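Generate coordinates for the entire structure from the input sequences, incorporating the hints supplied.
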Amino acid sequence: MGNDTSYTDQKFEQVGRRVKRPDGVDKVTGRAKYGADAYAPGQLVGLILRSPHAHARIKKIDTSKAEKLAGVKAVVTYDDLPDLTGGNRGMMDILENCMARGRALYDGHAVAAVAAVDKTIAKRALKLIKVTYEKLPHVTDVDEAMEADAPVVQDFVFTSGVEPKPTKPSNVSGISQFGHGDVDAGFAEADVIVEKSYKTEQTHQGYIEPHACLANMSSDGSGELWVTTQGHFVFRNVCSTLLGIDIAKLKVTASEIGGGFGGKTHVWMEPVALVLSRKANRPVKLVMTRDEVFKASGPTCSTSIDVKIGAKKDGTITAASANLRYQNGAFPANWGMIGAMTAYACYDLKNVKTVGYDVLVNRPKVAAYRAPSAPMAAFGVESTMDLMAGKLGMDPVEFRIKNAAKEGTRASYGPVYGPIGIGPTLEAVKKHPHMRAKLKKNQGRGMACGFWFNFGGQTCTDLNIGVDGTVSLTVGTIDVGGSRASLSLIAAEELGIDYEQVKASVADTASLGHNDMTEGSRGTFSSGMATIFAARNAVEVMKGRAAKMWDIPVEDVVWENGGAKATGKAHSNLPPLTLKEIAAKSPQTGGPIAGHNETVADNAGVSFASHICDVEVDPETGSTRVIRYTVVQDAGKAIHPDYVEGQFQGGAAQGIGWALNEEYIYGKDGTLQNPGFLDYRIPVCSDLPFIDTEILEIPNPNHPYGVRGVGETSIVPPLAAIGNAVSNAVGVRLNHIPMSPPRILKALDEQAGG
Amino acid sequence: MRYEAPKTTKEAATFLKKEKGDAFILAGGTDLLVKMKLGISAPDLVVDIKKIPAMNAINHNASGSKIGAAVSGAELGEHKGLSKSWPGVVEATNLIGSDQVQSRATMVGNLCNASPAADSVPAMIAAGAKAIVVGSTKRRTVPVEKVVTGPGQTSLADDEVIEAITLPKRGKRAGDAYLRFIPRTEMDIAVVSAGVNLTLERGVVKTARICLGAVAPTAILVPAAAKAIIGTKLDDEALDKLAAACSAACNPIDDKRGTIEYRVRVAGVLAKRAAKIAFQRAGGA
Amino acid sequence: MSSVLVSTTINGDPVEFACPPEETLLDSLRDRVGLTGVKEGCGTGDCGSCSVTLDGRLMCSCLVLSAEVEGKQVGTVEGMVQNGQLHPLQESFIDNAALQCGICTPGFLVAANALLARNANPTETEIRYALAGNLCRCTGYDKIVRAVQVASKEMRKKSKKTKKK
Amino acid sequence: MKISLSPNLQAAADGEESISIVAATIGELLSKLATQYPNMSQHLDAGIAVAIDGQIYRDDWGKKIPTDAEIYLLPRIQGG
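Chains as they are written, first to last, in numbering that gives the first Met the number 0: chain A, 0 to 753; chain B, 0 to 284; chain C, 0 to 164; chain D, 0 to 79.
Hints in this document: simulated from the structure, not taken from any laboratory. Among these hints, one or two may not hold up.
Pairwise CB distance ranges (calculated) [said to hold, decoys possible]: (1) A:133 with B:252: 22 to 32 Å; (2) B:284 with A:441: 25 to 35 Å; (3) C:163 with B:201: 54 to 64 Å; (4) A:59 with D:24: 32 to 42 Å; (5) D:24 with A:539: 21 to 31 Å; (6) B:157 with A:668: 25 to 35 Å.
None of the values given here were measured: they were computed from a predicted structure. Beta carbons are placed, not taken as given, at the ideal position from N, Cα and C, and that holds for glycine.
Below, the structure is given as structure tokens:
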């Protein structure tokens, strides 16, 4: 520690270049190895048997026939996953989600698993496992789950955050309140009050690569795990805890990751693969099918939200409140709390109050999905903001500018903001030519804002300089969207060498200290910070080596333009030593040259975006097409602009899918009706226009280069931006996401009829 | 499971007849392999018909057209003569799935999968297409609307295979069209669809066949809708009547793809739009 | 269970393997032939990650039985590199940042290559519809479409040059 | 120094909107919080983030707290 993370304005040589990514060739040739691309000698095929019921007591699991089938090497149930959590309920939830313990809590909940010599035998073995279920009442809707007579999903859950402490278990696991001021007084002061309720359906991250791993436990208690993950160190720690393995004895290697978006921050079946391998004493490959991914990994919440905003005639918001009910699946979590924190983060409010309700239902355990919880809250708030602007007769952008948060504003979630980008993104929207483009019949334009916290976290980075002067940069954060390129640019910048001389790679858990997940938009932010300090560390070493080579005091050496320079008149005859020259002599001057840094890279710098969207609605079918889209977002500093734009575009596309077509559809029996890409409709190439981007750079004061996380915020505004555009196109305000054609047509009919 | 790839249709029918377990015909496989993957089907025998010459041919001449059961959507779309005579049928078939699926999917496979939402079927029925059915002992010709009896059900006997689809002779003042509604622009199953085929005489609709998809257990012909436009120049009044007749004929379900209300309403909208296209293609003003 | 023996040509090379009759080409390519550039995203023909060409036609290898490819020509992403040179589409995908996680990239390349083989100068709309069978969740398709546009231009330039020679 | 609490933490501090703790670092602050307000333990287990002049720190006991800084405690959150 002790590294100065303060922002300093500087000219960049490498940072900001649109260089080729180091993993590019591997990925365009099919050589890159993802989760399912590893093979081990003697490997078995693992398969998981899953509950067909939304909620059921498991009375009996008879595995005897499956065990007897030739070619079957292991069959496991929860008996093989004893509780080693020591009373840690959060860990127990993870374990129970990996394998049901007496009760199946959702359609797709794992109840048993097999490992066999091939797929055909493994499939046959699954069919031979006989599970006796007793069906229990279920609930999948968030509002229904809160009703007094709703089936109780988990009997150990008592509502927290209420006084007096409840005596009966409830599906509401927590109630969290945020805000400041006096909203009642604020509403009393208002000239206009707008209130509206909203619903959003459950969506999935929809990464194209299913969960996959290759587990290899040895009889000596050590093991290896190859896995697609957003955080292999965290996976190692979780699996070690759940299975009683020493952390040092479980080596986890992260494969290339085929998309995560938060969904690969949790273990879902990796502990099961390890247990199968331990029992079979052979390597086991476990790969989810697509329907397993939908049913048994972690989608995001469905929600039900009430929003109330009051304003003066001049457009000043006097009070704002929201009740946000978030469904977390079958295990407690605090996604509703986060929704309550983010809801009004864009605005400077005197009186604000939000209450988040976290609710259990018989659906899969919810995981993070890109700026988790924020898009739904923003849908409610930003839709209501447009309604209010309409009532006040104000331009929606001007209305937002008038109320936008700025440096010194107390955020609705508590602290006071430093320099932030909401105002500048709104000003950029106002100036953008998109706002003045002509619209045709049945077309409409909408805009909306979004916020996300961004995180840092534990990070550890190594930088080794080879005798030829090239640099291997070893990081522990998973590269989801091109961070190896960005981090190489940063190392090159610090060392004063060309990007091409740096090669970044992701280390396994045995080769580097702990790194937190790549989540919260932290990959480039935090590993970037550690890379800067590791490089500066290496520079100090090289200055020492140069001093030795010159035989002068190290105090007389400075680092400039990728090399050491001797300062002072006494040394004016010494020509500078390049990094390459110093590296070449390293065996004689003290051995290998390395830089190292470990840090908790907190302070990732909050991020804001404003989006503009044009849609065309077919009033006879309710079909909506996005015809133009613009993202304006603050990146702090764009290290590799291509991949910053890529994050903006990808988030917007996911938001567009969420807004229009994506949803988990549950039947009356509580089973998922659409666990596949055919009926879970993510946007296809022909659904979208080019997505224009404008990168703003308002430096994060707590990063040497001013970097803010950029990965998540772009998914926050689209839901409301599209809702506002639809409203402006055909005059109906949709309060239920997705705005699918039947919902839009129904709204149009109701408008015509009433 | 066994895999067989016979060289004649008769041979294929004989394989089917002899099989005691579950036997399936494999043409493009775009439905069968999905069902196998999802565990809905576990065939004991799969009979690949793509090695049968008669199944791979397209014959198109003045007396009519014949399209082999193994002809893929892509091959159909590349046939200029067919695309000119029956643009509605060809477009409907070409709407099934992606380019990847088009390389494999066939009209007959689409028909025999017996989904109420099959894209090519309403267009074929509107066109008056017939299926040439070959059994282990006899051949017969059946109107396409008689093939599917319900979701996943056909009138074919266990040993029968459809060898080809025939389309009637095409006159000059004739046009067909097919439209479907899907939430995305591609890759979806029809929520509701309409096929229209009509002929004109002196600018007036002389004959018409209108068929709807995804609004009943099978694709349905709607004679009342045809009646609404026969004898008209497809004026707004006729179109409104057509739409009303179509909506009235619907007997849909609520499911993950759409609501009853929605399907009933949009069936009329699509039929209207398809009729306008068919009318224009027939040379109507 | 009796296996079928399949003799086929993959990326120009003769290949023989035995597999169960119900095995898909996708599984055989990955697990028996070692061509793991062919990815399984869904196994039901909805995502295009397993795209290959069969006798020049684009298809999803998850929807083809291995038994069907007897005597045919299979093309995968691994066959796009010719004489150690990246295909212009591969170059363009790297240059234009058309990939993030990269799992869908092999499928997109094979599909885009099939498109450009039959339409050397596609419009944006043609590109978008031709690639509609390939899902990407990272990019919003923006940079993918642009990369195909750039590659198509490059390839037309090259073919003009070779024609002039 | 004044430590402001997010509303959901206030119950554990007898309903107070802010409390007074003198601490030079985040580590000292959290440990004093645990001793002075035993009800905070559930929140500390779930994770508490400390905002110093608007900058949010999740894990950093060594972080120095300037005496004139605005300190705000809020729940720790996850990203995607």
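So, going through the hints one by one against the coordinates:
1. Distance hint check: the CB atoms of residue 133 of chain A and residue 252 of chain B are about 30 Å apart, consistent with the given range 22 to 32 Å.
2. Take residue 284 of chain B and residue 441 of chain A: their Cβ atoms lie about 26 Å apart, and the range 25 to 35 Å holds.
3. Our hint of 54 to 64 Å for residue 163 of chain C and residue 201 of chain B holds, since their Cβ atoms are close to 56 Å apart.
4. Roughly 55 Å separates the CB atoms of residue 59 of chain A and residue 24 of chain D, a value that falls outside the hinted 32 to 42 Å.
5. Between residue 24 of chain D and residue 539 of chain A the beta carbon distance is about 26 Å. The supplied range of 21 to 31 Å therefore holds.
6. As the Cβ distance of residue 157 of chain B to residue 668 of chain A is approximately 33 Å, the hint placing it in 25 to 35 Å holds.
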